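Chemist: Residue numbers (this note's numbering), protein chains in the order written: chain A, 1 to 115; chain B, 1 to 112.
Hints were generated in silico from the structure; no laboratory data involved.
Bear in mind that the values here come from a model prediction, so they are computed numbers and not experimental data.
Just to be clear, a hint being listed does not mean it is correct.
Unchecked claim - Residues of chain A clear of chain B, computed beta-carbon distances all greater than 12 Å:
| no. | residue |
| --- | --- |
| 1 | 3 |
| 2 | 5 |
| 3 | 11 |
| 4 | 19 |
| 5 | 22 |
| 6 | 27 |
| 7 | 28 |
| 8 | 31 |
| 9 | 45 |
| 10 | 50 |
| 11 | 71 |
| 12 | 72 |
| 13 | 78 |
| 14 | 103 |
As the list claims (entries may be wrong) - Cross-link-like lysine to aspartate or glutamate pairs, in silico, DMTMM-like; alpha carbons within 20 Å at most:
| no. | chain 1 | residue 1 | chain 2 | residue 2 |
| --- | --- | --- | --- | --- |
| 15 | A | 11 | A | 86 |
| 16 | B | 52 | A | 44 |
| 17 | B | 56 | A | 44 |
| 18 | B | 49 | A | 86 |
| 19 | B | 52 | A | 86 |
Don't be surprised by glycine CBs; every beta carbon is placed ideally from N, CA and C.
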Amino acid sequence: DTGVSQDPRHKITKRGQNVTFRCDPISEHNRLYWYRQTLGQGPEFLTYFQNEAQLEKSRLLSDRFSAERPKGSFSTLEIQRTEQGDSAMYLCASSLAGGPTDTQYFGPGTRLTVL
Amino acid sequence: GNSVTQMEGPVTLSEEAFLTINCTYTATGYPSLFWYVQYPGEGLQLLLKATKADDKGSNKGFEATYRKETTSFHLEKGSVQVSDSAVYFCALSLQGAQKLVFGQGTRLTINP
């Protein structure tokens, strides 16, 4: 396994359209995270899953955002009715639960541009 | 709340110079601390970490020591190379709260 993968790498859409991103974690990892990174800033936490259960959601995750991890493997992040302010890099990370701190491994990200 | 503050960038150095990137944190508990690096066109990579006070994380010639008394985790390297040019992020995570809290990043450019 070569790491966390994300698809697509780039997405350009018009305001008001829906978009969906996919993340495939490292195969044995049971935790999966979504972050958003805007230009010149550090990543901000959006949500995370342990297996198929979504255990925490940030206040940043408005009702237009939904994330799923139906079988505890890959995850999707959907943004409905996109706005220009949604333009950002969306990062996925995965980790293996255990110990006091789980090291998170990041994918290359999906860059979203909303016109 | 929990937060991380990094020194303002960008930082430009000559090859073989000594590097320090400052990082301080505010946390309600006892965090684990991380440095991640983002090379041009690539994803975030874990550079090093420390999970308790006085621990030193090290990797690729970089070091950082977890200082509880000064709530700091400064990144250092004795002799930088052009290939170290990247954006460096300091981050923390609290035990039981799985999310990472990142600083704003510091862009480092090394000139030959």
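Chemist: Each of the hints needs a verdict: does it hold here or not?
Modeler: Against the structure, the hints come out as follows:
no.	hint	result
1	3	violated (8 Å)
2	5	violated (10 Å)
3	11	holds (16 Å)
4	19	holds (20 Å)
5	22	holds (15 Å)
6	27	holds (17 Å)
7	28	holds (17 Å)
8	31	violated (7 Å)
9	45	violated (4 Å)
10	50	violated (8 Å)
11	71	holds (20 Å)
12	72	holds (16 Å)
13	78	holds (20 Å)
14	103	violated (6 Å)
15	A:11 with A:86	holds (12 Å)
16	B:52 with A:44	violated (23 Å)
17	B:56 with A:44	violated (26 Å)
18	B:49 with A:86	violated (31 Å)
19	B:52 with A:86	violated (36 Å)
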